[in-house]
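J.: Spelled out from the first residue to the last, the chains are:
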Amino acid sequence: MTTATATAPTTTAAPARPAYKVTWLRVLRSEWTKFWSVRSSPITLVTALFLLVGIGAIASLTFDPAAAPGGNDGPPITDGAISLALMGTIFASLAIGVLGVLVSAGEYSTGMIRATLAAVPKRLPTSWAKTAVFGVVATIVTAAGALGAFLLGAAILDGEAIAMSLGDDGVLRVLAGTGIYLGLVGMWGVALGALLRSSAGGIAVLVGMLLIVPGLSSLLPASIADNVTPYLPSNAGQAVTHLNQAADSLGPWTGVAVFAGWVAVTLVAAAYRLARRDA
Amino acid sequence: MIDVHELTKRYGDKTAVDRLSFTVKPGQVTGFLGPNGAGKSTTMRMIIGLDAPTSGSVTVNGRRYAEHAAPLQEIGTLLEAKAVHSGRTAFNHLLALAQTHGIPRRRVDEVIELAGLQTVVHKCAGTFSLGMGQRLGIAAALLGDPEIVMLDEPVNGLDPEGVLWVRHLLSGLAAEGRTVMLSSHLMSETALIADQLVIVGRGRLLADTTVDDFIRQAGRQDVKVATTQAERLRALLSGPGVTITATTAEELVVLGLDAHRIGAIAAQHGVPLYELGQQTVSLEEAFMDLTSDAVEYHSAPADTAARRAA
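As you go down the protein sequences, you meet chains P and E in turn.
Counting in the working numbering, the first sequence runs from 1 upward without gaps.
Counting in the working numbering, the second sequence runs from 1 upward without gaps.
These aren't lab readings, by the way, just hints derived from the structure by calculation.
Values in this document were obtained by computation on a predicted structure and should not be read as measured data.
Ideal placement from N, C-alpha and C gives every residue a C-beta, glycine not left out.
One should not assume that every hint holds.
[Said to hold, decoys possible] Derived coverage of chain E by chain P (criterion: at least 3 residues anywhere in the stretch with Cβ under 8 Å from a Cβ of chain P; other residues may be distant):
#1 63-70
#2 74-87
#3 101-111
#4 140-148
#5 261-273
Make a model of the complete structure from these sequences and hints.
T.: Below, the structure written as structure tokens:
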């Protein structure tokens, strides 16, 4: 029954109607096409890469060994070159998160969702496929970007005391972790866009939760803040992007698990809304 | 075959569709008629599962739409509202929809050609005119080579050429034995192409009939006859059950005799006729009479009064 794959030639002259069928793989392929056929996708991905590599390069170039060791504002010296090279992670996370929101909320703002759900009336496969496609693309692209930023930074800082190489302990974990964190941010954006069905709303919640809420948590009484702050999405997720964890931070993989939990809860809520509400 | 059974949709305390039941029979063109706000679009959205009914049920070819393995092959749909990402080209839009079903690229090219989109296929859908957007929607509806084609107001906003194109396309689909359901608020336009009529108002079924029956019942079977000897003809035609009114000095409107009979009588008595024909203008009027109580948004009373008097 499933002879009609997209590549294999089907029923060239047969009078019988071809047997089409919606499958998971086909929905994935469709979402892949949808992702790459909208201009905002490559543009925003390139922007994220540019932010990641560019800001890392600037931070590495402007590094002043004389000022840094005792300075208050500089990165912890224990993290060395890699923290300079990945200085752009936060900015890249905004670009990736916004793109994630656009990928899902854009379906609602343009009306495309009606065509999508007419083709896949079981609905949920489209949501999973969309999240998977963007999650994988964002993870791979940003992990490659992090690697590029690190190598560029290593070249710039070659010979400095803080210089690091790929083989140093934890470097590969941080680079992969940066990709995983940004991939999760992207998936969270997709989930928020689908849950709120609004680009503006999704972007506002995403940026607010990633950037503003962690700052606000310092207003809480210390006893509460200590128990809450490490579990906030960006704090938890970014643990894996640092070589050495601060005292109040979660462990790298615990942090990833907590942030993935945030993403999963949002995805389930979005899926519930997709399944239940009129489109 | 579409089977709508006791379908109801409520939004808060407003009932958009009210215990609606009808069947769209295979191999026929069914016109789905009603004034604006009668619940036509809501019903069509429920048929393909975009909206969930408050109560009642609807099946397409015996199953709920979502239960089909290849829904686009069962029924192709054009909805009134735009259903395309404005930043995606027409080709990629159709390709992405085709890929969900494993529909080959060759079929994408086919529907592009069928819809006459060849020249704009690599332009963003957001730049399309209303007519082009409608063609793209129809191309998407035909992608799965569906047994049933359901179109919501397909000629709305189209220029005369576009209207003609849609009409030819639909007759072509019907001639191939496909089931066609199209909604409209224009009776005269629909009567040209439909066999079956489902008329709704305020979400309720007002009539489920054939076009022929509707015309027979609704149309007063007036025959308009023009002759240079109006007075003489009037005398000849008069009889029990026959009503004759004069519209101008040389024109009569006859009720109770068909054109066939009138022609025979005139010829028998040597009365020259220069026009003889069944009145069809009353179709739209009959539709309005049927739906006037169910019109969602009444126009100014003066207008309504004038329409009644006409």
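J.: Against each hint, give a clear statement of whether it holds in the structure.
T.: Taking the hints in turn, this is what the structure says about them:
Against chain P, the stretch 63-70 of chain E contributes 5 residues with a C-beta closer than 8 Å to a partner C-beta. That satisfies the three-residue criterion, and the hint holds. Given as covered by chain P, the stretch 74-87 of chain E passes the check, having 9 residues with a CB less than 8 Å from a CB of that chain where 3 are the minimum. Counting residues of the stretch 101-111 of chain E whose CB lies closer than 8 Å to any CB of chain P gives 5, so the stated coverage by that chain holds, three being the minimum. Three residues within the 8 Å Cβ limit are the bar, and the stretch 140-148 of chain E against chain P gives 3, so the coverage statement holds.
With 0 residues having a beta carbon nearer than 8 Å to a beta carbon of chain P, the stretch 261-273 of chain E misses the requirement of three or more and the stated coverage is violated.
Of the numbered hints given earlier, the model fails hint 5 alone.
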